[in-house]
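So the protein lines, in turn, are chains A and B. Quick note on numbering: our numbering labels position 223 of the first sequence as 223, and the sequence is numbered without any gaps. Residues are numbered in our numbering as their position in the second sequence, beginning at 1, plus a constant of 1000.
The hints are simulated quantities; they were obtained by calculation from the structure and are not laboratory data. No experiment lies behind these values; they were computed from the predicted model shown. Just so you know, not all the hints are guaranteed correct.
[To be verified] Below are the SDA-like pairs computed for lysine to any residue, each with C-alpha atoms no more than 25 Å apart in a straight line:
#1 A:K42 - A:A65
#2 B:K1103 - A:I506
#3 B:K1098 - B:T1194
#4 B:K1103 - A:P447
#5 A:K357 - B:K1007
#6 A:K517 - B:F1173
#7 B:K1007 - A:D429
#8 A:K91 - A:Y54
#9 B:K1103 - A:F268
#10 B:K1098 - A:L170
#11 A:K517 - A:L340
#12 B:K1009 - A:F363
#13 A:K358 - B:C1280
Here is how the chains run, residue by residue.
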Amino acid sequence: MRDPELKRVNRRFLLLLILGIALALILMSLPLYSFNAAVYVKKSPNTFVGDEKYLAAMEEVESVAAGYRDQGFDVEISEEALERVNSKGEKTSLITFTIQESFSKNLFSFLGCGLASSRVLTLILILLGLALACALLGTLVSMDLPQRSLPRRTALLRSLASAALLLALLLVPVFVLTNNYTFSRQISLYNKDLLTEGKDLLFAKLDRFLFQGGMGSGIDNALSQMQMQTSPLIWVLMPALFLSLLAAVQLRRGSIKSALLRGLLYFFVVVVCLITLFPYYVMTITAFRSNAETLDMYFLHLFPTEWLWKNLTSIIQRGVPRYLLNSLLVAGGATCVAMLCGIPAAYAMARMDFKGKKAFLGFVIMSQMFSPVVLLIGISQLMNTLRLNDSVVGLMLINAAFNQAFAIWLLRGTFVSISPEMEQAALIDGCNTTGALTKVLIPMAAPGIVTALIFVFINAWNEYTISTVLISTDINRPITVGITQFSSFNMIEWQYLFAASLLATIPVVILFMSIEKHLTSGLTSGGVKG
Amino acid sequence: MNSIHVKHKWEPYLWLLPSLLLIAIFVVFPILIVFKLSFSEITPGGVIGGFIGFQNFVEAVHLPPFKTVMLNTFWWVLSVVGLSTLLGFIIAMVMNQKFRGRKIARAILVFPWATSLVIQASIWNYIIKYEYGSLNSVLLNLGVINQAINWRTSYPIEFIWECGVGIFVTVPFVAFCVLSGLQSIDGSLYEAATMDGAGFWSKLWNITLPMVRPSLTVSTVLNIIYVFNSFPIVYTMTKGAPAHKTDTMITYLYMLSFYERKKGPATALSVIGFLILCLCAGIYMVTVMRKEETQ
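Generate the whole structure from the sequences, applying the supplied hints.
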């Protein structure tokens, strides 16, 4: 890049960085928090909108409001009508007039108020300042140097600037979270009595409490009936900081477009991962919470306040180990049966020529189409006849049969992708076909076999519908059915439900991760190679 | 030479026998039973009587919830399969880029695929609870809402939630299928296209889509079958309440057969469902077989 052009680009991005930071500062000085307090309430019973009593009450309220306005308050009157029919059948009405004072504060007012959130905010500001300083220093030193050959110190400064901005960006949600939490908790803590005195001093006291860190006397009165709201505008701070971050990244390397796309890519991936993990996070923390905590909407902690390992011991006493064992038996047995039947079939399909090969393939693919659910009635009838209903063995065989197609499909793909030369050599050496399969092909196809094996295992482990229908005795239940005992019609013991679910989920997720790569290629293309 | 020589003509059939037996007993036999039952008279107590022609089918079609249930099934399959294919495709495109932490992202994406549906449905059931659900809790604490929102005020909304959970659990499967298709595309194709001045959309339309179409077809057809057969989500979240208004065909069939003791119409519904699945299976087989021939 030529020097003048480089200078121009550098300057442009420095400008963008300063713009982003300026935008962040402007946002912080906008009113972002609004407080509402009812300073005067008048209830007028047996009043209908527009009648004499209504007008009289209205007048009274207006005069009180005027008094407040004279003192420099910015009050608003609101009215609410409640109509109903009393026991005598007469229509009555209650009109409530409320005089409300509301005011708002910007983020700078929070600095130094002593709340946890104000410390986060201070940190954000410090980081912003640091980022700007680093970026400025880094740019001034290297204004006319090519991007690649930056001196080490400058590169370090620029990295620092990006890192500081990134941190500031990440702190915004933390700030909002702690802020709303501490506020709503503190205000409701004091929300004991109705407003009785000291109305004039209300906002002075509140101001002192919230923004100067002091706990004035009579603060419990001042804070009663107080409401706090965060303006959604606070979230605009994120894009502002994000913009600065991009500029900082750009100052370090590459073009703005690729930096932007890169940022978007990471943003998308992070959002997808967060949404995916959210239910699992909920499951995990709920599994260790107490019953009271699971039913608390205002529970905000990222983790349980106390990790209740006794939830695990409780579910152990309620039969969960037995269910897990049943699941293990069903899934393990189904896998064995499916493999014992599937490997020979797949072997024949992959290596031998015979009449009706196509027809068998079609038959297998067809049977892959039917989940057992649509045949529920037929299966339960069959199992009744075979006396296999309500038994682990029955579940095992059904799972094996319905996973047979996938097993053959995956195995055949694996076998086909392996060259038959070794087996042919073994056959010539006098080995029979069984020997060729067990001694030559199976060791070579081990990864594919393991994939099919785990896949069948997981499917059988997660199976729910057939087990619900077939199993009626408690001790024969697999885990997927067993966990439903924690959610009865009128009471759900979420902590136990999720603790048991956690135990049922961890092993299969880990198993699945190990085969995911082989599996997808096997499902979509492996079966049709050859 | 891809095959090996066998001594006897019947040997391949011997190799196939165990598998064939397993499928015949536990898959084909129930199909026959269902067909037989659908034409037989069945008392509420479960006693099977003689042949009554299409009476069960007529009764099934004339049950009041039939129309709602069929419509629900249609929307359920269409929305879940359609949206998860779209979302899965987008996610696969993103995951195909090179970035730091890609392995971790892939590992995370496996979660919903590997977890039992009944467990996932329970978790979402908890998340969207009105009184204490995690969704309300998070939004309240982030300051996005001021008051807890009732996320499931009426049955159409409940049904939409069920579809949402269905999409959540189906997306990873599509994403991984498409991803394996994308990874088999030769990078030089894109380079050549870039040399010719093709933009992002033209590359997507002319290279990516045709190349991943086989994996997309497989995943879509399999999904239609999975989603059509999906039972735990609806059953765990609403049990079809109120009055079968959120039921899909599978859950309705289950309720009819095991709760309401109307085995006759239930078997007729099974046969209808089976025939719909056969149609899908036929389409799938034709595609796979054709693909087999072209290679």
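Status of each hint after checking the structure:
Taking the CA atoms of K42 (chain A) and A65 (chain A), the gap is near 12 Å; set against the 25 Å cutoff, the hint holds. Proximity of K1103 (chain B) to I506 (chain A) is assessed by CA-CA distance (about 19 Å); at most 25 Å being required, the pair is judged to hold. For the hint linking K1098 (chain B) to T1194 (chain B), the alpha-carbon distance of about 18 Å falls within 25 Å, and the restraint holds. Of the supplied pair hints, the one linking K1103 (chain B) and P447 (chain A) holds, its CA atoms being roughly 20 Å apart against a limit of 25 Å.
With a C-alpha separation of about 17 Å, the suggested pair K357 (chain A) and K1007 (chain B) falls inside the 25 Å cut-off, and the hint holds. Between the alpha carbons of K517 (chain A) and F1173 (chain B) the distance comes to roughly 12 Å, so the proposed pair stays at or under 25 Å and holds. In summary, the hint linking K1007 (chain B) to D429 (chain A) is supported, as the alpha carbons are separated by about 15 Å, within the 25 Å threshold. With a C-alpha separation of about 16 Å, the suggested pair K91 (chain A) and Y54 (chain A) falls inside the 25 Å cut-off, and the hint holds.
Restraint check for K1103 (chain B) and F268 (chain A): satisfied, since their Cα atoms lie roughly 15 Å apart, inside the 25 Å limit. A distance of roughly 24 Å separates the Cα atoms of K1098 (chain B) and L170 (chain A); the hinted pair therefore holds under the 25 Å criterion. Using a Cα cut-off of 25 Å, the hinted pair K517 (chain A) and L340 (chain A) holds, with the two alpha carbons roughly 24 Å apart. Simply put, K1009 (chain B) and F363 (chain A) have alpha-carbon atoms about 21 Å apart, close enough for the 25 Å limit, and the pair holds.
Among the hinted pairs, K358 (chain A) with C1280 (chain B) is consistent with the structure: their alpha-carbon atoms are about 19 Å apart, no more than 25 Å.
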